[in-house]
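Here are the chains, one letter per residue:
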Amino acid sequence: MIRSITQQKPIEEIERLLEGMGRIFIIGCGTCTTLTRTGGAPEVETMSKDLSDKGKVITGTTVVPVACDNLTQQILSEYGSQIKQADGLLVMSCAFGVQTIGTQLGAMVIPAQETLFIGKETSIGLFSEICNQCGSCIIGETGGVCPVTACHKSMVNGPCGGTNAGRCEIDSNKDCAWTLIYKRLKALGRLDDMRKYQKPRNHLGEPRPGKCDIPA
Amino acid sequence: MTSAFKTALHSGKFVVTSEVAPLKGTNLDKFIHHVELLKDKVDAMNVTDHQSSVMRYPSLGGALLVKEHGGEPILQMTCRDRNRLALQADLLFAHSRGIHNVLCLTGDSVLLGDHKEGKGVFDLESSQLLKTIRIMERGKDLAGNDLDGAIEMCAGAIVTPEADPIEPQLIKFEKKIEAGAEFIQTQAVYDLENFKQFMSYARQFDVKILAGIILLTSAGMARFMNKNVAGVMVPQSLIDEMAGAPKGGALKKGIEIAGRMIRQVREEQICDGVHIMAIGKEEVVPDIMAAAGL
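Protein chains in written order, with our numbering: chain P, 1 to 216; chain Z, 1001 to 1294.
Don't read these hints as lab results, they were simulated from the structure. Ideal placement from N, C-alpha and C gives every residue a C-beta, glycine not left out. A hint or two may mislead.
[Said to hold, decoys possible] Facing chain P, from chain Z, some residues (calculated, C-beta under 7 Å):
#: 1; residue: Thr-1106
#: 2; residue: Phe-1122
#: 3; residue: Gln-1128
#: 4; residue: Asp-1191
The shape of chain Z in the complex, shown without the other chains:
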């Protein structure tokens, strides 16, 4: 069974994915509201997995909710919290409940989150999780035992096009593709000229690439990311543009910038689509898409 997202990836159309983040607790109203808002607008929604190592409602539960509400989920799976037994079990469960897209991540350190004394597992890492999925699709588990019923997944990974140094990151990127990644959602890109250079290298591989777009909500946020988020580089011109927004107009300016970037990615066919991350402001994703002319 080919997932709707996989079909979209191979349809030649400009693919748009977004992100929905489960929250801490059992009140799912806001999450469901975001799903309802986005399900007919985007090709698929990533459901984050204890984003930034902060304990929340699980991504698997969130992906099921997306499905139940008529959306197309991409299950984010990190290797931080589960060993190889638990990861494989969750893949079996996901398949059995109609979830057929997965984004494989190593995961942030536990130290970056809200349970700093917890144990980071990292029994597998992103490339090994991708390979595990391909093994399970052939009806085997990681120990070589037969599965009674295989899985089928459209599996992807991430890359940081602005990593420093870049070469180790590119070697890892190629290993992820060799391990079975069909699509790549990138870390946020802001300098599209740099990104074009990355794409001129990445085009040689048989993989679909969605450019990561993080909504800027203030000049301060941009400066914060430059200082604290690995591989994110907001050019000074965009920071100035955000700082120059009229009072109370920063969010509007951020939406305009994100829309403008997406439009350029699409019109110049820089890559295969975009992955919009409006961290905490999911309700404005339709505005970003409108600003992009989508």
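In isolation and in its complexed conformation, chain P is listed as follows:
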């Protein structure tokens, strides 16, 4: 299942963002940040303790089931007075949840996370980006592996000169997308797909911010 993959901001940055706010309410998320162990119940508890130690008054904490869901507002209404007393809401979900809560409550929200990418857990504790929603899919010609996402430079015509022993020039722990594609196409007997010239990518798939009206 796809998830929003996050990493907690350095505590110094969180402290800077909370400057001037004495009373804080902390909200975790029971979905993605629970899976990535960045904003589930244990992390909310640790954050609450850390901020108390730094002199903040924690007016309350909760972990909502799905922070980005429209029902979040109703769930948070149970904490009305604790939220009202707070100078700011520290939200330990991804940025989808932070924005949802900010819009629903009209409150001051502070993100505790960097939202890195939409990805999945490809092995225990390892999260990978598989698709970056570019709006012009070419994986029908690349053996089902996406070079726009898996290649650091989003190259669509083959590897760059930085590839080395099947790894990427930016990190020897990252696979070279084009080595993966090459191996897959070779196994499928479709190496000719790799010889096809791919035109410059169409960035007009859906101009950012994405908005798509699906007729009922």
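Take the given structure of chain P and dock chain Z to it, following the hints.
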């Protein structure tokens, strides 16, 4: 207008290109000194484009300086820092100022350089940039609009003959030639027996190939490249030869090795010429050429 470099490529002579690297800042004395030193010795000089993703004086400005000082520039263009609008605009500008040679590169990752938080553009990549040049030579831009005045370029690309795995690299090499590459400057080669094998494959294509020669300055540098530079493989025998140089004599030994390799490439007609990269030691390029008997 056929560039002097293109004429040299098709003259049947052994072609020699070298590299001049713009530096960080507006003091151009050293760059101009290198241009003056090399302009009558080599057939053309590549002007690097924020080499290794380190921000410097631009390659287009450097290529103009080469021209103004009587040299023949090869403008290196990477796709890392400019989108398709900016790349096409720079090609128009280059043509209008008499720059008619270009080496098309995708470019290193921004992460390898000194502005790691910057955005890598990569709107196009090397093969697409080559194709763009051929479209612009026919008087159109990438969106299909008419140009009032087309460009004309002798366009080239690179290949890494020792890449691992090699087959994807060769497929890309063929795509670059199909996209319009007229010449290829290779990543550094040190094992000429391996390179001969690559050439026996590459000879079937209508493209001029210049073997990349990087000057070794120490045994440590050779080991560093083997460990850190993709597709560069310095054989142990050359590392030993560098290590065995007398104290203070490593550079001299490196010049001797580079000269010896170039001589062999030329005498055995392994390929069409060489591209000498004396990273940071451009002033010894004439010594390398002398050692090669050029």
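Taking the hints in turn, this is what the structure says about them:
1. Below 7 Å, beta-carbon pairs count as interface contacts, and Thr-1106 of chain Z has one with chain P at about 5 Å; its hint therefore holds.
2. Here the hint on Phe-1122 of chain Z is kept, as its CB sits about 4 Å from the closest CB of chain P, short of 7 Å.
3. The interface hint given for Gln-1128 of chain Z is met, as the beta carbon of that residue sits about 5 Å from the closest beta carbon of chain P, less than 7 Å.
4. Contact between Asp-1191 of chain Z and chain P, as hinted, is not supported at the beta carbon level, the nearest pair being about 17 Å apart and thus beyond 7 Å.
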